[in-house]
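Asks: Sequence:
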Amino acid sequence: MKKLIVEIINRYFQQIFDSWFEKLDIAFDKKLSESQKVTFVESSLGILCELVVTADYKLADQYLIDIYTLFSKAEINLIEISQIFGFGRNTLLNIFQKEKSVAYDPLIILGFIDEVFEQLFARYSMIYQNAQIKQLEKDRDRLRAKLELSQKYLNNILHTSETAIIVIDSKEKFTSWNKGAENIFGYTNAEAIGKPSSLLLPNADKYFQELNFIIDNVKQSSEVLIVDTERCTKDSRIIPVQLSVARLPSQNGEYSGRTVIIKDVSIVKQLQQQIDQSEKLAVIGQLAAGIAHEIGNPLASISSLVQLIQRKNKDENLGEQLVLIKENIDRISKIVRELVDFSRPPSYEKITIQITDIVKTAVGIVKYDKRVKKVNFETEFDPNIPFVKVVPDQVLQVFVNILINALDAIDGTGNVFVKTYHNDENIFISITDNGCGMDSETALKIFDPFFTTKNVGKGTGLGLSVSYSIIKKLNGEILVESEVSKGSTFFIRIPRDEK
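For the sequence shown, our numbering assigns the number 99 to the initial residue and increments by one for each residue that follows.
Read the hints as simulated data drawn from the structure, not as lab findings. Some clues are possibly wrong.
Each pair of labels, with its calculated beta carbon distance range [what the hints assert, rightly or not]:
1) R335 / D237: 49 to 57 Å
2) D333 / N474: 36 to 44 Å
3) R221 / K101: 22 to 30 Å
4) Q349 / K244: 18 to 26 Å
5) S319 / E260: 24 to 32 Å
6) E260 / T167: 48 to 56 Å
7) K250 / N521: 54 to 62 Å
8) I231 / Y155: 16 to 24 Å
9) N287 / D164: 57 to 65 Å
With a straight-line Cα cutoff of 30 Å, these simulated DSBU-like cross-link-like pairs (lysine-lysine) come out [as the list claims (entries may be wrong)]:
10) K156 / K121
11) K448 / K517
12) K487 / K448
13) K584 / K570
14) K332 / K271
15) K571 / K448
16) K277 / K332
17) K543 / K332
18) K332 / K317
19) K458 / K584
20) K361 / K271
21) K465 / K570
22) K232 / K128
23) K487 / K571
24) K367 / K332
25) K269 / K332
26) K468 / K361
Note that the Cβ used here is the ideal one computed from N, Cα and C, for glycine as well.
With the sequences and hints as input, model every part of the structure.
Replies: Structure follows, in C-alpha cells:
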C-alpha cells in the first residue's frame with residue numbers, strides 16, 4: 099500500500115502541486131511570495147513520500163524546521179499552518195478518491211494519509227511552541243536586562259540627586275530616603291527610615307494642617323501636587339522648600355503612600371530678595387538724583403544771595419552769622435554732590451586714581467547713616483600712596499560694604515578706625531571696629547555667597563562676597579581678623595601694578 103501511495107503521488111505530482119499551490123496563492127497571496135509557495139509545496143510532497151515509505155518522522159524534523167523558518171519570517175501562525183497542511187491533505191484525498199485503479203480500500207488509504215498529516219502538524223506544533231518558548235525566554239532575559247539597567251539608572255539618579263527624593267507609606271512612615279534628603283535635612287538614611295513624616299515639620303499648627311491637606315489631596319487625585327512651604331532640618335533650621343507630591347498606588351490601585359520630591363529653594367529666595375533689594379536701591383537712586391537736583395538749584399541761589407549780602411554787609415555780628423550760613427550751605431552742597439555721585443549709573447571704566455580718594459568718599463557716604471551719631475570715626479591716610487588703575491565705582495562699593503558691616507557690628511556707641519598705607523608692591527587698607535566680633539567658624543564663612551548673621555530681611559549675604567570678588571579680580575585679597583565681643587579688622591590688599 100505504501101508503494102502504491104507513492105506511485106500515485108508521483109503520477110499526479112503536477113496536478114497535486116498545481117492544486118495545492120493555487121489554494122496557497124489564494125489564501126496567502128500577501129504573506130508568501132511565489133518562490134516561497136513553490137519551495138513549500140515541492141519539499142512537502144518530497145517529505146510526504148519519504149514518510150509514507152519509512153514512517154521515520156525524524157526525517158521530517160529538518161524539513162519542519164526549514165518550513166518554520168520560512169513561515170515565521172512571513173508571520174504565519176499555528177492556525178494558518180493547520181490550514182496550509184489541510185490544503186495538501188484535501189488535495190491528496192481528492193486524487194485518491196478519483197483513482198479507480200487502487201486495489202486497497204480507499205478509506206484505509208485516506209486514514210493513512212490523515213495520520214501522516216496529523217503527525218507532521220503535531221511535530222511542527224512542537225517545533226513552533228519550542229521556538230515560541232525560546233523567544234519568550236529571550237524576550238524575558240532582554241526585558242530583565244533592561245529592567246536591571248533601568249533599576250541601576252534609577253538608583254543612580256536617586257542616590258546622586260541633590261534633590262531630596264523620599265517615599266512615605268500609608269502609615270505616614272519614611273520608607274525611602276536618598277542622599278539628597280540627607281544633604282538637605284541632615285538626617286541619615288538609618289535615622290530617617292521608619293520615622294513619621296511629621297519629623298520634618300516646623301513646630302506650628304499650620305504645618306500640620308498643611309500635611310493633612312496634602313494627604314487628603316493626594317489620596318483623591320493622581321495629579322502631582324506642588325506646594326511651596328517650609329520644612330525643618332535636623333539642626334532646627336527652617337528652610338524654604340518646594341514639594342512635588344505624587345500618589346503611590348498599590349497593585350489593586352488603592353492608595354499605598356506617596357513619593358515626595360523636595361527642592362531646597364533657599365538660594366532662589368535669597369536671589370529674589372537680592373533682586374527686590376536692587377530694585378528698591380534703583381528707585382532710591384532715582385529719587386536721590388531727583389531730590390539732589392531740586393535742592394541743588396535753590397541752594398545755589400541762596401549761596402549767591404549770601405555771598406552778595408556778605409560783600410555789602412558792614413555789621414560784624416551779622417557777618418559772623420553769614421559765614422556760619424555759608425558754611426552750612428557748603429555742607430549741604432557737598433551732601434547733594436555726593437548723593438548725585440552715588441546715585442548715578444556705575445561706570446566700569448578703569449582709571450588711574452589714588453585709593454585714598456575712594457576711601458574718603460566711602461567714609462563720607464557712610465557718615466550719613468543715622469547710627470554714625472553714636473560712632474566715632476578715626477582715619478589715618480598715607481599721603482604718599484601711589485596711584486593704581488581700578489574701576490572706582492567697584493572699589494567704592496567694597497569700602498562702603500565693609501564700613502556698613504562695621505556699623506552693623508556696633509550696638510550703640512563705638513569706634514571705627516580706617517587706615518591706608520603701602521609698601522613697594524602693595525597698597526593696604528584696614529578698617530577696624532570695636533563691635534560684637536565673630537567666632538572663627540563665622541569668620542571662615544563671611545565671604546561665602548548668601549552667608550549672613552543678620553536677621554531675616556536685614557541682609558542678603560552678598561555684600562562681602564561681591565567685595566571679595568571685586569578685589570580678587572584686581573589680584574588682591576581681603577582678610578579678616580576678629581574676636582567675639584572685641585571687634586573685627588578687615589585688611590584689603592591691592593597690588594600697585596595690576597597684573
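Asks: Next step is simple, just say for each hint if it's right about the structure.
Replies: Tested hints:
1. At roughly 51 Å, the beta-carbon separation of R335 and D237 lies within the given 49 to 57 Å, and the hint holds.
2. As the Cβ distance of D333 to N474 is approximately 39 Å, the hint placing it in 36 to 44 Å holds.
3. Taking the beta carbon of each, R221 and K101 are about 24 Å apart, inside 22 to 30 Å as hinted.
4. Under the hint 18 to 26 Å, the C-beta atoms of Q349 and K244, about 21 Å apart, fit the expected range.
5. A hinted range of 24 to 32 Å holds for the C-beta pair S319 and E260, which are about 28 Å apart.
6. Hint check: E260 to T167, Cβ distance near 53 Å, so the stated range 48 to 56 Å holds.
7. Taking the beta carbon of each, K250 and N521 are about 60 Å apart, inside 54 to 62 Å as hinted.
8. Judged by the Cβ atoms, the range 16 to 24 Å given for I231 and Y155 holds: they are separated by roughly 21 Å.
9. Restraint check, N287 to D164: a C-beta distance of roughly 58 Å satisfies the suggested window 57 to 65 Å.
10. Simply put, K156 and K121 have alpha-carbon atoms about 28 Å apart, close enough for the 30 Å limit, and the pair holds.
11. For the hint pairing K448 with K517, the CA-to-CA distance comes to about 24 Å; that is within 30 Å, so the pair holds.
12. A C-alpha spacing of about 6 Å is found between K487 and K448, which places the hinted pair at or below 30 Å, so the restraint holds.
13. The straight-line distance between the Cα atoms of K584 and K570 is roughly 28 Å, inside the 30 Å bound, and the hint therefore holds.
14. With a C-alpha separation of about 17 Å, the suggested pairing of K332 with K271 holds against the 30 Å cut-off.
15. A distance of roughly 12 Å separates the Cα atoms of K571 and K448; the hinted pair therefore holds under the 30 Å criterion.
16. With a C-alpha separation of about 15 Å, the suggested pairing of K277 with K332 holds against the 30 Å cut-off.
17. The hinted pair formed by K543 and K332 meets the criterion: a straight-line CA distance of about 21 Å does not exceed 30 Å.
18. A hinted pair counts as satisfied when its Cα atoms are at most 30 Å apart, and K332 with K317 qualifies at roughly 28 Å.
19. Using a Cα cut-off of 30 Å, the hinted pair K458 and K584 holds, with the two alpha carbons roughly 25 Å apart.
20. For the suggested pair K361 and K271, the alpha carbons sit about 20 Å apart, so the restraint of at most 30 Å is met.
21. At most 30 Å may separate the alpha-carbon atoms for a hinted pair to count; K465 and K570 meet this at roughly 27 Å.
22. Pair hint K232 plus K128 holds up; C-alpha atoms about 28 Å apart against a cutoff of 30 Å.
23. Proximity of K487 to K571 is assessed by CA-CA distance (about 12 Å); at most 30 Å being required, the pair is judged to hold.
24. This hinted pair checks out: K367 and K332 have alpha carbons roughly 21 Å apart, not beyond 30 Å.
25. Note on K269 and K332: the hinted pairing holds, with a Cα-Cα distance of about 22 Å set against a maximum of 30 Å.
26. Proposed proximity of K468 and K361 is contradicted: the alpha carbons are some 40 Å apart, above 30 Å.
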